[in-house]
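J.: Heads up: the protein sequence lines correspond to chains A and B, in order.
For the first sequence, the numbering used here begins at 1 and goes up steadily by one.
For the second sequence, the numbering used here begins at 155 and goes up steadily by one.
Warning: the hint list may mix true and false statements.
[To be verified] Chain B regions said to be covered by chain A (calculated; three or more residues, Cβ under 8 angstroms):
id, stretch
1, 321 to 329
2, 345 to 358
3, 375 to 381
4, 468 to 476
5, 515 to 523
6, 551 to 562
7, 566 to 575
Think of the hints as simulated: they come from the structure by calculation, not from any bench.
Everything numeric in this text was worked out from a predicted model, so none of it was measured.
Even for Gly, the Cβ is constructed at its ideal location relative to N, Cα and C.
The primary structure of each chain is shown beneath.
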Amino acid sequence: MNRDEIIGGMVIFIFGAVTTFLSLRMPIGNFRMPATGMFPLLLGILLMVLSTLFILNLFFKNKKIELRKKWFSLSELFPAQLILFFGTMVLATAFLKPLGYPLFSFLLMIFLLRILGTKNWGFIFLLSLVTGLVSYLLFVQWLKIPLPKGWIGL
Amino acid sequence: MLESLQNLANGFGIATTIHNLFYCLIGAIVGTLIGVLPGIGPIAGIALLIPATFGLNATSAIIMLAGIYYGAMYGGSTTSILLNVPGETASVITCIDGYQMAQKGRAGPALAIAAIGSFIAGTIGIFGLVFLAPPLAQAALAFGPPEFFSLMIFGFIVLSNVTGTSLLKALMMATIGLIIGTIGLDPVTGDARFSFGSISLLGGIEFVAVAIGLFGIGEVLINVHQPTELLDQRVIVPRFRDLYPSLQDLKRSIGAILRGAGIGFGIGLVPGPAPVIATYSSYMIERKISKHPEEFGKGAIEGVAGPESANNSSCQSAFIPLFVLGIPFGPVTAIMLGAFLIHGVSPGPLLISQHPELFWGVIASMYIGNFILLLLNLPFVPFFANILRIPKRILLPLIILFCMTGMYTVNNSIFDIWMMLLFGALGFLMRKWAYEGAPLLLALVLGPKLEVAFRQSLMISHGDFAIFINRPISMAFLLAAVVFLTIPIIRMIFKKKGGEDTREKVRG
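Just chain B, with the same shape it has in the complex:
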C-alpha cells in the first residue's frame, strides 16, 4: 500500500512537469472536441492522432493519447444531452434522460452532473487502478467464453428492462440488433453473410451509422414531422441560476455517482465493450432502487449521473488488463496497445518494473487529466446549454450537415451515409410506433462478441449446453438474468391482479 502511494507520488512528479502537463491539456481539449463531433469517437480520434505523437517520448505520447480517450468520453455526453446524438457507444444511455432533461430546460444541470460524476468516478477509478490492478487483473483471467456469453445474455436482459416500452418490444429490438450484427464476415470462419454480393456490406454495418441514424437523424425527422409553426418554438431556455445543479440535484446524484463508479470499475475489468455494459448496468440499478422509477426516461438526473460515472470509471479500469497483462479488452485499449508498441513499450507484467516512469506517470496524468476536464467542462456548461437557444428551423439543418459530414469521416465512405439515412428513417418509424432504439444499438455492438463466445463455448464442450451452467461464474450470470427477466413479469401479473398495470405506466 505504502509502496503504491510512494510510486504514485513519483508519478505525479513526472506528470506535473510542464512538458507533460501541456500534452495532457492538449489531449483533454482535443478529446473533448472529438467527443462533441458526432461520428469521430475515441477510437477514430486516437487512431487519427497517433502519428501526431511520433515526435514525443513514450510517456508524453501515452499521456496525450489517454487524455484524448477520456476527453472524448466527456465530450460524448454533451451531444447526447443536448441533441440526442450519441458521440460514441457509451453515451447512448445518457441520451435517454439527459436529452429529456435538456428538453425541460435542465441541460445545464445534466451537463454539469455528467462532468462532476465523471470526475468523481474517474478519481475512484484511478485509486482502484493503483491499488487493485494486479489482483483484479488475475480475477479477470477467470473469464472464458462461457462466462463471457452468460455476461452478455445478462447484459441484454438488463438493457431490455431499461427501456421505456414493453419488455417484449425491447427484446425484439435487441434480437434485430443481433441479426444486423451478423451482417458481414463470419467472425470465426470469415465467410460472407447477408452481404448480397456487396463489398461495402462485407465489413458489416458501421455502428456509428446506426447510432447517428436511429438517434440523431430519427430525432431530427420527428421534429420535421411537426407543423412548421412549432419549429419556431425553442426548448425551455434555462435561466442562468438554473444552469448548474441545485443542492437537491447533487443530493439525488451522489449515490448514483458512487454506485456508478463501483459498477464501472468492476465491469471495466471484464473483456468486452465495458463502458457500454457499465452504463446500462448502472442505469438499470438506479432505476430499480429509485423511489421515483416513473421519472426515468423522462429526465431523472440519476439517469445521467450513474451511467456517466460508470462510463468514466470503466474507462480507467479498462487500463488494468492492458497495463498488467498486455491484453486489450476493448477496441480503444487495443488502439492504445498499438500506440504503446509504436513507442517501443510492451505492456505486460514487466511494464511496472521496466518502465515505472511511464506506468505511474500515466496513472497520475489520468487524475490530472480528469481535473483539467472538470475545469474545462464546467465553465462551458452555459455555452453548450445556449446551443438550445437556436431556433429549430436553423438548428436542424446544422445537425444534419454535422451528422452527414461526421458519418463520412468515419470510413471516408458515402455508403455509410446511405446506411445512416436508412437507419434514420427506421429510427423515425420506431419513434412513431414506440419502439426503443437503444437495445438494437447495444445488441449490434455486443452481437459479434456474443456469437464468438457462444460458438467457442460449444466447441469447447463438444456441443454440450451444460457448459453454461456447470461453470459457477457463468451460472451466476444466467441466474441473475433469469431473475431480472422473471421479476418484472411476476410483478406485472400481481399488479394486473390488483387491477392496475403499473409496469406499463412506469414504462410510459
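If we strip away everything but chain A, and leave its shape as in the complex, we get:
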C-alpha cells in the first residue's frame, strides 16, 4: 500500500467534507421540494463515503504499508523546469491584457522555448515571431476574435 494513495483519498474526503459543509449553509428543502443545497449536499456525502471506502479498501487490500523514507519529494514532483514552465504560463496570463495578444504570444513562445532547452537564440526569435504573426493573422484578422490589444493597440 502506498501512502501517497492514502493521502489522495484523504484529500478527496476533505473535499467532500468541505462541499457538505458549504451545502449545509444553503437552503436544503426536503425531498418533496429539493432546494439549492440538496444536490451538492448529497454529492458531498457520497464523496466522503466513496473516499472512506477507498481508504478502507487500501487497508484491507494490503495491510502492510509501504514505508518510504519520505512521502513524496517536492523537488522530485516539481522540478525547476516544470515550475519555470508553469510559472511562465501564469505570468503570461496575468499580463495578457496589458501586453496585448501579439506581444503575449511572441514573448510566451520565447520563454517556453528557452525553458525547454532550445539554445539557438536566432531560431527561438524567428520561430516566436512567425508563430505570433500566424496566430495573430488566424485569430484576430481572419476569425475576427476580439483578443486583447494591449498598449501596442494591434
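Dock chain B against the given chain A, drawing on the hints supplied.
T.: Frame of chain A; chain B shown alone:
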C-alpha cells in the same frame, strides 16, 4: 418506404446543385478547421458563423451549418488522437486509445479509422434518419425526468468502468465532476452556489477549460516533467506504408464501427448530450466484448473505431427530434434551431410537408457532406500524422499557445484561461497519482442535467423515490446500472479467490 426513397432522391437533386454542393464543401472544411482548433467546438463554431449565412436561402444556410457541425466532429478527433487535446466533449473518449496509438507510431491508422468509421456510421445514421424519423421521435417522447435521471446514472456507471484505474477512483472522480458542475447558478431556482461572490463563477466552470486543462495542459506538464534530454525524443514516426490501416486493422474495426453506429443512433434520439453518452457506451461495450480487453487504454483500434462511429451516428439521429418535433435535445441542435428560426423555418411535425426541399435536401447533403469529409480527411492523414515529427521542445510551447488562445476565444475571458491552468495543474497531479480525468469531465457535462432530472422527478412524485423504479424504462436503466456495477466487483472477488487480481491488471 418507397415514398421515402423517392423523397430522398429528390433531396439529392437539391443537394447536388452546384450552389448547395459549394456550401456543403465550405461547411465541411470550416467545420474540420473548427474541430481541429482546441476551444472552438461545434457550438461556438456554428454560433460564430450563423451571421455568415444571412445572405443565403434557408436550404443552403442549413446545409452549410450542418456541414460545420459534422465537420467539427471529424476535426475534433484529430487533436484528440495526435495531441491528447479533445476539441469537443465527444472526443474525450477518443483520447484514451487514439493518443496511445499515436504514441506507438500508429497515428495514421487511428486517424484513418476515425474518418472511415465516421463515414460508415454517418451513412447508417442518415438512412435511419430517413426511414425511422417519425416513429423513433415518438418513442423518445416517453422519456421523462425519471427515465433521464436513470439513464444518466447508468451512463456514470458505464463511464466509471471504462477508465483505466480502479472503479472507486473513477466513481470519486465522477462525483467531483458532479460537484464542480454545481458551481454557478442553480438550474432550477437561479440561486448562486459556490460562487464566493465572484461574477465569473456565476456562469459555472467552462467545460472547455476543464477539458483542455485536464487533458491538454496536463499532458504537456507531464512531458515537461521529464528530463530535458527526453524532450528531443520524438514519438515513433510512422513509415508511409503504416500511415493507413492494415487489413487486420479494418477487420478488427468493422464490428466496432457497426455497433458504434447502432448505439450512437439510438442514443442520439434521447434528450441530453447524446454524443458523449454514445461514445462512452460504445467504448464500454467494445471493451466488454473484446477478446483483448487488456489492450484498451493502451492503443486498441476498436477503442477509436467504435466511439468515433457512435459520435457521428448520434449527431445524425439528434436531428430527428429537431426536425420532427422541433425540440432540440442538445446544445448544438439548439443552436441549429436558432438558425432555422432566423431563416424563417419552424421545425416540427409540419416541416416535411411545408418545406420538403429543405428537409430532404439537408438529409441528402448530410450524406454528401460525409463523403466530402472522408475525401478531405483521408489524404490529410499523412500531413496530420507528421505533426508528431516536430520535436517536443518545439511542439509543447506551440500547443500551450494554441490552448491558451483557443481558451480565450470561447468566452473572450481571461478567467477561463486561469481555470484552464488550474485544471492543468490538477490534471498533472491526477496523472502522477493515477486518477483518470475522463469521468470528471463527463460528470461535469452531465451534472446539471442530472440534477434537474433528479429534482423534477422528486417534485413529480412528491418526494417518493419509488418513481425511479415504478416506471419500466427507468427501472430497466437502473437494473442495468446495478448489473454493470456488481459484475466487475463479483468478478474481482472470484479472481482474488483464484489468487490473481486480473481486474487491476486489465485496468493497468
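J.: Of the hints given before, which are not true for this structure?
T.: Failing hints, ascending: 4, 5.
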